[in-house]
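Q: Residues per chain are reported as follows:
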Amino acid sequence: MAKGKMKKKSMSVDMTAMCDVSFLLLTFFVLTSTAKLPEPLPVDTPNSTVQTKLPESNLATVTIGGEPGKEKVFFGVLGKEDRIATLEKMGSRYQIEFNDEEKQVFAYTEGIGTPINELKKFLNQPADVRNKIGADQPGVPTDSLNNQLKDWVEMARTVAKERNNKVLDVAIKGDAEANYPAVKKVIDILQEQRVNKFFLVTGLRNEDF
Amino acid sequence: MAELNTGGGGNKDKKVRSKKQNAGVDLTAMVDLAFLLITFFMLTTSMNKPQSMNLAMPDKQAELDIEDQKTKVDENRTMTILIGGDNKVKWYMGMVNNPIEGPTDQTYGKAGIRQVLLEKDKQAIAYSREADKGLIVIIRASEKATYRNLVDILDEMAISGIKSYALVDITPEDLEILGEK
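Chain order of the listed sequences is A and B. Residues 2 to 210, numbered by the working numbering, are exactly what the first sequence covers, in order. Residues 3 to 183, numbered by the working numbering, are exactly what the second sequence covers, in order.
Rather than coming from a laboratory, the hints here were simulated on the basis of the structure.
Some but not every residue of chain A turned toward chain B, in silico, with C-beta under 8 Å: (1) Met19; (2) Leu26; (3) Phe30; (4) Pro47; (5) Thr50; (6) Thr53; (7) Gly175; (8) Ala179; (9) Tyr181; (10) Phe200.
Think of the CB as a built atom: it goes at the ideal place given N, C-alpha and C, for glycine as much as any other residue.
Using the sequences provided together with the hints, build the complete structure.
A: Next up, the structure:
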């Protein structure tokens with residue numbers, strides 16, 4: 002039988018549509034992305050089934066992490082302007098003057114875990130030293146005699162009240178392996194200021210665990 | 003389409019023309035690049051906001067009142083969950099000194115404490131005969147407990163729909179039950 006030879010089609014695929022789609026997606030991602038700031042103290046949060054989202058502004062985060070038994074506490078506020086205002090207030094309470102450069106550095110720092118008297122030195126370090134950290138910062142002091150966490154929270158709340166006229170939300174981001182007393186201590190410090198509602202930062206899981 | 007159709011098409015006059023190159027652009031490389039960038043942005047963005055769980059603690063001043071109330075609260079509806087070290091969890095109904103049921107060891111998760119909570123909540127509702135007066139859970143965590151344990155228990159509260167629960171400091175009697183004294 003005489004086989005009719007199939008006419009070979011061109012092997013090149015038209016990429017135009019694909020190109021369109023991919024650039025559309027690219028544009029979307031470029032526009033929606035917010036650059037990730039380096040985390041000062043990486044923590045492995047426990048999981049829960051509750052799916053409330055964290056507020057995106059007007060939030061202070063207290064991070065508890067580090068070695069179990071020797072937990073460190075870090076503190077951070079969302080929003081550059083709020084951060085600077087908080088730092089200024091903190092500076093005036095402890096009679097430390099921060100210059101503009103230090104304020105800028107602080108505005109781009111997700112959270113700090115340095116006692117206030119060493120903060121100036123910390124902010125003047127080069128960026129790579131500052132960012133690798135976690136282990137280098139001793140944590141915010143929370144002792145009853147030297148309770149700087151209390152002051153940070155208080156200042157951040159004052160700032161939120163004055164600038165945004167809102168009550169500051171407080172999130173606790175604890176490491177899953179952190180000991181309960183460390184968390185309880187932070188909760189107690191917050192409760193002293195009548196902050197009774199917290200957001201516990203958790204991962205997501207389904208109900209069959 | 004990206005191929006521009008040039009050349010051919012009713013070349014009626016017999017003029018000799020130089021054969022024109024097909025002007026289609028090969029977009030493969032561009033697509034490659036675009037997808038590379040997409041991948042990069044997808045991986046570096048923190049699109050999903052972290053999940054969180056709400057925890058409302060009673061006011062410190064109000065807590066003193068709760069201690070008073072506790073004697074008045076019906077012990078048939080009160081369940082205490084003790085969180086200990088090494089992922090241990092125990093529960094009992096009623097008062098520490100004279101528990102109605104327990105203390106019993108339990109495990110975390112679906113087959114463990116959740117069953118107990120659901121069952122006791124039903125019993126408490128049946129007892130009080132009011133749908134909104136279910137189980138009251140008191141959570142006491144020992145010093146050896148981890149934050150994960152606490153979140154797990156709070157999560158169980160959310161799953162089993164128990165509305166009244168409180169996080170309370172542990173007492174020596176409870177530590178004794180846990181065997182951590």
